[in-house]
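Undergrad: Chains as they are written, first to last, in the numbering used here: chain A, 1 to 233; chain B, 1 to 233; chain C, 1 to 233; chain D, 1 to 233.
Hints in this document: simulated from the structure, not taken from any laboratory. No experiment lies behind these values; they were computed from the predicted model shown. Each hint should be verified, as a subset may be incorrect.
Straight-line Cα separation of at most 25 Å, DMTMM-like style, residue types lysine to aspartate or glutamate; simulated pairs [to be verified]: (1) D:Lys-52 with B:Glu-212; (2) A:Lys-156 with B:Glu-147; (3) B:Lys-189 with A:Glu-157; (4) D:Lys-145 with C:Glu-3.
As a plain string of letters, each chain reads:
There are 4 protein chains.
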Amino acid sequence: MTEVLFRSDFTVSLVDVMGNDERVCQAARVSTVGAQSLDTGESGGLINFLMKNRHGSPFEHILMTWMITAPIFVWREYMRHRIASYNEQSARYMQLEPVFYVPGPDRAFIQEGKPGHYTFVQGPVEDYTWLVADIQEDCHYLYSKYERRIGRGIAKEVARITLPLNIYSSAYVTMNSRGLMNFLSLRTKHEDSMFPSYPQHEISVVGDQMEESFAHHSPLVHDAFVNNGRVCP
Amino acid sequence: MTEVLFRSDFTVSLVDVMGNDERVCQAARVSTVGAQSLDTGESGGLINFLMKNRHGSPFEHILMTWMITAPIFVWREYMRHRIASYNEQSARYMQLEPVFYVPGPDRAFIQEGKPGHYTFVQGPVEDYTWLVADIQEDCHYLYSKYERRIGRGIAKEVARITLPLNIYSSAYVTMNSRGLMNFLSLRTKHEDSMFPSYPQHEISVVGDQMEESFAHHSPLVHDAFVNNGRVCP
Amino acid sequence: MTEVLFRSDFTVSLVDVMGNDERVCQAARVSTVGAQSLDTGESGGLINFLMKNRHGSPFEHILMTWMITAPIFVWREYMRHRIASYNEQSARYMQLEPVFYVPGPDRAFIQEGKPGHYTFVQGPVEDYTWLVADIQEDCHYLYSKYERRIGRGIAKEVARITLPLNIYSSAYVTMNSRGLMNFLSLRTKHEDSMFPSYPQHEISVVGDQMEESFAHHSPLVHDAFVNNGRVCP
Amino acid sequence: MTEVLFRSDFTVSLVDVMGNDERVCQAARVSTVGAQSLDTGESGGLINFLMKNRHGSPFEHILMTWMITAPIFVWREYMRHRIASYNEQSARYMQLEPVFYVPGPDRAFIQEGKPGHYTFVQGPVEDYTWLVADIQEDCHYLYSKYERRIGRGIAKEVARITLPLNIYSSAYVTMNSRGLMNFLSLRTKHEDSMFPSYPQHEISVVGDQMEESFAHHSPLVHDAFVNNGRVCP
């Protein structure tokens, strides 16, 4: 019998980066100095000026490619971001691996309040234990049915239709830093955002991991983003 | 106990249309006659010329809005089309209805051949009967577990993570006719396509319904699309 | 000798509209009520909520098509807005009309202050008179040279290369209201903008005219845009 | 008196590249093998398969940034390509340099035939000499008037409105290889194109230079593009 695996985390592997803080400045300076923009100058102030005044286009010259593994319900939200390039694995062409998401112990999962005003709170530990077992039961059940259908010659694209939304899938994603900041402004949660956002926990963890590599490679751009209220320029 | 419903079809309701064959011609003529382009002239020949020579931009001035209801595995493919506007219902904010897709009796579901070269063939009727019952069993099972979780106060956005990919969801979609022709060239199946495409059956049925209203409202553009090998201009 | 015409205004003719305040609400409600979203409800509050919280996608279902006539230096800025559809007349295929822009008497044209901090002030009337005559002289000179080249059989696409940036050109433009609000936030000038913008006067006049028809057809969306600091959602 | 310079060529400097043939294959393989797609395999055949069958998305993971210097009438066509990132120098913020385009001796400039069917032929050498002198005369005239206006304190954004379309301007451009192939399919001229295109000579020279660096960095992708009739995937 196939072993079914459970994870509560996500893989966010940076594959490649093009451009950096200095490239943004060069691209911005071309508007005021023309072809001489390759000369360097003070960068932090210029980047902050661009961010604050929402001159967004220079930030499109930083590009990042990731390989990301996340459950389908995360990908569903992720792919609403249209200014990005995606290649995702296809359950039409391959049998999906038996890897499923379960909430980790720190995931607040009890909903309180009324529509438009609820918050999520941490449930009692026995409820968490029950919930995880309940989810795992479904995954075992569904994956074994999926395998049985494939074993009977059912087309993979049909066999997969009752796979659950928490099965993992992998994709290549390329975004420029302007698109990334838009993603982060909507899909991560921070007290100091000028426009507060209420993303689902799981995509915000993916977003946090993307933000970490972004901050590492373009520290001045990232600082300016944070210092100006996390508003996408 | 909640009644679970099964469908094998999709809802594609045209909500609104802007522009038509004549608008495409007006937009195209502006390049050769300027602001006088509102004068009318012979349209079929001009549209065919634009299509054949892949002058695509005039086709962006025909816009259509649909309300579409389809299973999530169809939406997953649909939303890879980025030059479009979407608003879909959210299982974070509402409990999804118990409506699930099962293949209809005409859906070829047995896969034959090897990777890259398979075809789908109609299975024996007893296999079809078994498959439908097998899928229905999963849906009953999963929806009752979904309801039980919600009944125990689990956040909707967590409770839903083992819902299957064949549950139905609804969305507003707005596309221009250039984006639509790109969609149709990739997501419908026609012998006479210059670049053959192998879409999953279910999205091709959605595509066929969209194409029907497109052909009705912009017959000359649609004719030119078909007569030029269904190549998106 | 060809008569050369001078204008200080711009033509912004609304050709068509699709969608309105109510459509935005329907598209937004689908996320919380699914396919029942066609039911009507109170709209102003919902639209304000969407705008304030930057839920931008429902605003993509209002679409507007314009025929606009403006000088090339305005089109150069205009076409930096990429989420829009354009068909402009082409000086490769037709001889451009002898119509040129001159600043109107209310156009502040004297630059004061240093880079990054200048303002424009109204010059003395004799300077204005001189400036207009100076510009007109260039246009007469250049258009007659343009015509002479064409008369000698020079290809139109070559003959036109010394036409000046203030010659008028016409285009069809289709934008959705989200793209339009982004355009207005950057290309019009208002005291009460959360993020102040410093557009060139001429494009701001075009923007004001577009805004007028937008406000007329989607008054609740426009009100919410204005009341929330003219921030594009 | 300011020296006015004339050029017949264009600067196309490659600033940076991200991704290559192998990246395209990795991104494509993720659909059939999931997260294991980093394993290498035979690339040429896969790339040709993707190109021929118009599976375009994997080509979005090759990105290139250029610094390009070209006349404004070239930029006007260039910027119609919306799936790209631009930062161009601004005549609102800086005085443009006195550098202008004149056709080179190999530029066919006489138009023969009727609308929709003309060709350009090489004119007699005395016509060419006249044409170049005629264009140069305009540039001297206009640049000196531009400088005089600026000298009188006229705002740069107003002073520049009679500058001609053949003045040079510089911009940073970032495109992915899918957008680039669309650009090349429309803006370069090749006998073996499946869909023939009739670009203006000057932008085709810019396109040829871009294509050269593209072919150098992603030779298998470029080969597949050429071998499949230069159809953008």
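Undergrad: Take a quick look at whether D:Lys-145 and C:Glu-3 sit within 25 Å of each other, Cα to Cα.
TA: Holds, at roughly 23 Å.
Undergrad: Need the status of pair A:Lys-156, B:Glu-147: alpha-carbon distance at most 25 Å?
TA: 28 Å, violated
Undergrad: If you draw a straight line from the CA of B:Lys-189 to the CA of A:Glu-157, is it 25 Å or shorter?
TA: With Cα atoms ~16 Å apart, B:Lys-189 and A:Glu-157 stay inside 25 Å; holds.
Undergrad: For D:Lys-52 and B:Glu-212, compute the direct alpha-carbon distance and say whether it is at most 25 Å.
TA: It is violated: about 28 Å lies between the C-alpha atoms, which goes past 25 Å.
When held up to the earlier numbered hints, the structure conflicts with 1, 2 and fits the remainder.
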